[in-house]
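S.K.: The listed protein sequences derive, respectively, from chains A and B. Residue numbers for the first sequence follow my numbering, so the first one is 2 and each next one is one higher. Residue numbers for the second sequence follow my numbering, so the first one is 3 and each next one is one higher.
Because the hints were derived from the structure by calculation, they are not lab data. A hint or two may mislead.
What the hints assert, rightly or not - Listed next, the stretches of chain B that the computed footprint assigns to chain A, with coverage defined by at least 3 CB atoms under 8 Å from CB atoms of chain A:
#1 3 to 11
#2 14 to 22
#3 41 to 51
Unchecked claim - Think about it this way: if two alpha-carbon atoms lie no more than 35 Å apart in a straight line, the pair counts; the simulated DSBU-like pairs of lysine-lysine are:
#4 LYS101/A <-> LYS39/B
#5 LYS12/A <-> LYS24/A
#6 LYS67/A <-> LYS4/B
#7 LYS65/A <-> LYS39/B
#8 LYS104/A <-> LYS26/B
#9 LYS4/B <-> LYS21/B
As the list claims (entries may be wrong) - Chain B side only, calculated, beta carbon under 10 Å to chain A, not exhaustive:
#10 LYS26
#11 SER28
#12 ALA30
#13 ALA31
#14 LEU33
#15 ALA34
#16 ASN35
#17 ALA37
#18 GLY38
#19 ARG54
#20 LYS55
#21 PRO58
#22 ILE60
#23 LEU63
This structure is a prediction, so every number in the text was calculated from the model and none was measured. Yeah, the Cβ is synthetic: ideal placement off N, Cα and C, and Gly gets one too.
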Amino acid sequence: MKTCTVCGKEKPEGDYRLHSDKKTVMRYCNDCHLAKRRAQHSTKREERNAQFRARYAANVNGVKDKHAAARKAKYAKQGRAALIAWAAENPEKAAEANRKKMKRGRERLSDYYVRRLLCHPERSEVKQVPEILIECKRLQLMIERECREKR
Amino acid sequence: MKNAEELRAELSQTFAQLKAGEIKPSEAAELANLAGKMIGSAKVQVEYYALRKEQPRIEWLESPNAKVTGDSPAFMAKRPVD
Ligand SMILES: [Zn+2]
């Protein structure tokens with residue numbers, strides 16, 4: 002039995018959480034711990050979410066890689082048709098995803114983005130833009146951006 | 003610049019020099035402008051043949067060593083990443 006430092010009640014050790022070393026128990030009981038967490042939930046929410054997002058972005062524990070692999074496996078299994086069907090059912094989500102993709106493409110000057118700049122799929126008959134043309138265009142854009150930054 | 007590969011090499015070098023501060027932005031901008039025009043005219047040709055559903059060889063886009071295209075390591079290093 003162990004006395005909780007918060008509520009002062011005597012409780013069996015099983016009612017206490019373990020420290021991160023997974024050996025020693027905490028000084029306050031689980032009920033008090035949860036009460037504290039609940040109280041913190043609204044005030045610390047943004048801060049904690051930011052922490053989680055940062056951890057995810059830094060790929061701590063490889064969670065991000067795991068998700069990417071899962072997405073890839075799902076795509077390999079279901080194919081492009083499922084994606085198109087999903088986009089048709091969720092036009093708003095699809096538009097948002099596309100906006101994100103374009104933003105990422107613009108920042109990284111991805112093949113997808115540069116190809117679209119050269120020959121927009123909706124305004125052009127070209128199905129296959131020559132690789133070398135994409136590379137030249139990307140370099141041109143990189144120089145222009147650099148010039149704008151230096152001015 | 004006889005072909006696209008030469009243009010790519012020129013652009014790649016110019017970008018490196020601009021980054022290193024070896025040339026003025028105005029000089030680099032001039033080449034970028036010229037490159038834009040060359041790319042534009044190549045694009046017009048590509049579009050034209052795509053409209054006619056033809057696949058002729060566009061000489062300017064052909065390179066003497068077409069099989070070894072792809073990014074040179076130096077080029078990849080300079081590409082912006084997130
Ligand atoms: Zn307690």
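S.K.: All hints, please: hold or fail.
M.R.: Now for the hints, and whether the structure bears them out:
{"no.": "1", "hint": "3 to 11", "in the structure": "holds (count 4)"}
{"no.": "2", "hint": "14 to 22", "in the structure": "holds (count 5)"}
{"no.": "3", "hint": "41 to 51", "in the structure": "holds (count 5)"}
{"no.": "4", "hint": "LYS101/A <-> LYS39/B", "in the structure": "holds, 30 Å"}
{"no.": "5", "hint": "LYS12/A <-> LYS24/A", "in the structure": "holds, 18 Å"}
{"no.": "6", "hint": "LYS67/A <-> LYS4/B", "in the structure": "violated, 47 Å"}
{"no.": "7", "hint": "LYS65/A <-> LYS39/B", "in the structure": "violated, 41 Å"}
{"no.": "8", "hint": "LYS104/A <-> LYS26/B", "in the structure": "holds, 29 Å"}
{"no.": "9", "hint": "LYS4/B <-> LYS21/B", "in the structure": "holds, 25 Å"}
{"no.": "10", "hint": "LYS26", "in the structure": "holds, 9 Å"}
{"no.": "11", "hint": "SER28", "in the structure": "holds, 8 Å"}
{"no.": "12", "hint": "ALA30", "in the structure": "holds, 5 Å"}
{"no.": "13", "hint": "ALA31", "in the structure": "holds, 5 Å"}
{"no.": "14", "hint": "LEU33", "in the structure": "holds, 7 Å"}
{"no.": "15", "hint": "ALA34", "in the structure": "holds, 4 Å"}
{"no.": "16", "hint": "ASN35", "in the structure": "holds, 9 Å"}
{"no.": "17", "hint": "ALA37", "in the structure": "holds, 4 Å"}
{"no.": "18", "hint": "GLY38", "in the structure": "holds, 6 Å"}
{"no.": "19", "hint": "ARG54", "in the structure": "holds, 9 Å"}
{"no.": "20", "hint": "LYS55", "in the structure": "holds, 8 Å"}
{"no.": "21", "hint": "PRO58", "in the structure": "violated, 13 Å"}
{"no.": "22", "hint": "ILE60", "in the structure": "holds, 8 Å"}
{"no.": "23", "hint": "LEU63", "in the structure": "holds, 5 Å"}
When held up to the earlier numbered hints, the structure conflicts with 6, 7, 21 and fits the remainder.
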